[in-house]
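Peer 1: Single-letter residue listing:
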Amino acid sequence: MRLTRFLSKNWLLSYASLYVAFLYAPVILLPLFAFNDSTIIAFPIKGFTTKWFTVLFESTALHQAVKNSMIVGVVTAVLSTILGTCAARAMVRFGFPLKRGIVSFIMLPLVLPEIIVAVALLVLLMQLGFSLSIWTVIGGHVLICVPFSVAILSSAFQGLDRNLEEASLDLGETGFGTFRRVIFPLILPGVISSLLITFTISLDEFSIAFFLTGTEVTLPVYIWSQLRFPAKLPSVMALGTILLVLSVLLLVLGEWFRRRSAKQQGLDPASGGGFMR
Amino acid sequence: MTQTPIIDISDVHKSFGKIEALKGVNLKIEEGEFFSLLGPSGCGKTTLLRMIAGFEEPTSGAVVIGGEPMMGIPANKRPTNMVFQSYAIFPHLSVTDNVGYGLAKKKMSRAEIAEEVNTALAMVDLDGYGDRSAHELSGGQRQRVALARALVMKPRVVLLDEPLSALDKKLREQMQIELRELQQSVGITFILVTHDQEEALIMSDRIAVLFEGEIAQVASPQTLYRHPVNERVASFIGVMNFLTAQASEGAKGGLELTIPALGSVTIDHGARPEGLAAASIDRIGVRTEMLTILFDESDRAECESEGVVVGASYYGDMTYYSVQLPETEELTTVSMRNTAGRLIVASGTNVRIGWGADSIVLFS
Amino acid sequence: MSKVRGVFLLLGREERQGLTLISPPLLYALIMLAAPLAMVVTFSFWSQNYLDLDTTITLKNYKEAWERPIYRVLILRSLNISIMVTLVTVLLAFPMAYFLSFRVKKNKALWLFLITIPFWTSYLLRVFLWKVILGYNGVLNSALMWLGIIDEPMTFILYNLNAVVITLAHAWAPFAILPIFVSLERIDRSLLEAAEDLGDGPFRRFFRVTLPLAMPGVIASTLIVMIPTVGDFITPKLVGGTDGLMISNMIQIQFGKANNAPLGAALAITSMIIVGSVSLVIFMAGRWFRGRAQ
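Chains as they are written, first to last, in the working numbering: chain A, 2 to 278; chain B, 56 to 419; chain C, 43 to 336.
One chain only, chain A, in its complex shape (with noise of 0.2 Å):
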């Protein structure tokens, strides 16, 4: 057959094109199943139905958690943006002792299973006789988030030319009055980027939540209490694929800024995964 020729002779393409596939295949399901028109998710496919959808608006629980999950969202994302501002920039501009011991540490959370880093804020909650509330899920998301940010922004920093500073200082501005003026408006796709990525990454965050959270959960805590109920299924991937969307959505807007933000500097936009290091 022709086509068993042309597969083995081009067999990297082959086997990219099934691993792809293998990639996409849950991620299809999600649609797939959030409009078929059965309780049961299996082959074959009973017909179309939007009732999935229908179900999720009258929820009133589900609308908690999202709301609980766009308050911890968007705090968390405001939050290790700050911090992730002030790291990448003492980075990329200033040497200080312990420079590498410290900037390892704040990326630390990259590396640890989330396991431990949920476990042992509990710990240290337990001990200090804190309460699981949603602060305490946003004390932990942003411990996590801080790592992305400072990845992003740092890469924003260092195409920020040094000159522009002394510049603008030469020209009579004070140190507050170049960061509103030159530095902030340069860094700030990288900013927007920050921000949604981390909303991002704490909107599907499940591990810290479980753990941390208190009478309010989040969503994918909620999603977590509703995996026991098979009649609910559906819904989930209504639910699923609604995220799916939204998170693709932000990403892709997060993209765009920092395609703009390395233009405006004059640099190639197609270079470089973006937040991937």
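Calculated directly from the structure, the hints in this document are not laboratory data.
For every residue, glycine included, the Cβ atom is placed at its ideal position computed from N, Cα and C.
In silico contact screen, one side only, chain A against chain B (beta carbon under 8 Å); selected entries:
| id | residue |
| --- | --- |
| 1 | Asn164 |
| 2 | Glu167 |
| 3 | Glu174 |
| 4 | Thr175 |
| 5 | Pro186 |
Derived BS3-like pairs (lysine-lysine); straight-line CA-CA distance at most 27 Å:
| id | chain 1 | residue 1 | chain 2 | residue 2 |
| --- | --- | --- | --- | --- |
| 6 | B | Lys161 | B | Lys209 |
| 7 | C | Lys45 | A | Lys100 |
| 8 | A | Lys68 | A | Lys233 |
| 9 | C | Lys105 | C | Lys299 |
| 10 | A | Lys47 | A | Lys233 |
| 11 | B | Lys209 | B | Lys162 |
| 12 | C | Lys279 | C | Lys173 |
| 13 | C | Lys147 | A | Lys264 |
| 14 | C | Lys279 | A | Lys233 |
| 15 | A | Lys233 | A | Lys52 |
| 16 | C | Lys299 | C | Lys102 |
| 17 | B | Lys132 | B | Lys209 |
| 18 | A | Lys52 | C | Lys173 |
| 19 | C | Lys299 | C | Lys173 |
| 20 | B | Lys83 | B | Lys132 |
| 21 | A | Lys233 | C | Lys173 |
| 22 | B | Lys162 | B | Lys132 |
| 23 | A | Lys264 | C | Lys148 |
| 24 | A | Lys47 | C | Lys173 |
| 25 | C | Lys299 | C | Lys279 |
| 26 | A | Lys68 | A | Lys52 |
| 27 | B | Lys132 | B | Lys160 |
| 28 | B | Lys160 | B | Lys209 |
| 29 | B | Lys83 | B | Lys209 |
| 30 | C | Lys150 | A | Lys264 |
| 31 | B | Lys73 | A | Lys100 |
Assemble chains B and C onto chain A, guided by the hints.
Peer 2: Just chains B and C, lined up with the frame of chain A:
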């Protein structure tokens, strides 16, 4: 000239860790001068400029601008403005906003700012470019915006860090003349850092030559060219031939020079550098244009020697000959203008070389 | 405190500015990471009886962790599973990274972007979807039966080690691909041309030039997959069945129902140490390999 110099640098040392960038620099720059800091890469000229601007502090020594000591005064409070080598044009602002950037801190109305900006843009030939954004500009245009941005602040000193190095040759030559004319019409002190000795010669009223953190010589372009203080300065500026020589004391404080390659000559007391002992002379310098090839039998010169032409490089308006002079291993370069009717001398030809007492450069 | 201030003022202006700027994130990390980790270590030397915490220093938690067979089994199995998952994931990811680096000419960033899209869904959902796919009445079985390829549903694909491996190989795919891709991109193509010029065929070129130079990326990829896998409790719980249960599930139980936080802490630290040691070995091996290649 007893007025206070606009810039007074006394005994300035600067170290970066173990590296000594400046070793005891003393310099006085007059108001209204076009002054250049000239030297090879790493000689400390940019460090010195940044110290005047306020981006570096001396490790020891003082920088005084307009009579006011600048110790501890940050860059944004000094009466200087800088044009950076990379121009440092704010990429997110238009040309107008770039040029008017520093004016925002002064209490001026928007109309006043706009007027100042337009005047500055006109000064650098960028009328009407106000609305363009930074990345639409060419290198030469960005350079002018940087200049306008500095000039609009009406500083007492404008500092320029190799502003022309990124431009191509023709544009650079054009800008050299324009900058010079601009400086003269505005009357502000300009301090230029460059490694290009031609550029310094063309533009400056005075030049300071730096090697390895120390000033070798401060002089006008002509003095620097014709009376370089030592061999290193001599070879850095233009092309200089070096020949062995011996000297003995002559009448009336002059010198009797014997140059094996060229002959003997008497140097008047007036042309002799102060404090130069006859016994200490072992080499002299001769500029390429100070030696002439005597084409006709009838051509005469104050002194004459002989040589053989070994090679010729044709530059259109000039020809540079490599000549083998007697008693010398290295070849001597002689430059001749290609005037009407003058032929190029072929390799291997024996020639007579004309020169005079004026041709000789003595080093202190 | 005044000593700190004294030292601080001794530093140069730039260093002071740098330290001031880094202090908010540093303080946050110290409070939210260093202190908690220190607490976990401390906890592991205490003991808990139902809700009472006994703060006398004791090694009994560590003794229990090492001696009780169930914990030892779990720890070893977790290590096993991690290594297996890592092996499979990295092996599957490498050809994909190679394809992206060497075969794709234009728009590499776009391809990378496309590869990451599936992973912007909740991890929880993805694991759950694999459960849905691999189940007895799940998508894969129903599709294959509907197509007539099999008569009976396959049972070996869910609630065991296989399911955990498949799910995690999927979940870690982009994290595994990316470091390898970056390493491959850095290889100077002219080196390969030189090798070809000197007579090496494609396989020899790969093993003599490409693979050694890609080693840093492969090592990074291995570590990126292995370390978090040990800490994963979601995948084992949802798709692992009883065979697939890992140490993190046990840690979670100790902190939850079993009310024995000190034991949980000791287990956590033990697994961290073990994983840390294995990672170090892998890291050093990678270094040695790279040294040989040079």
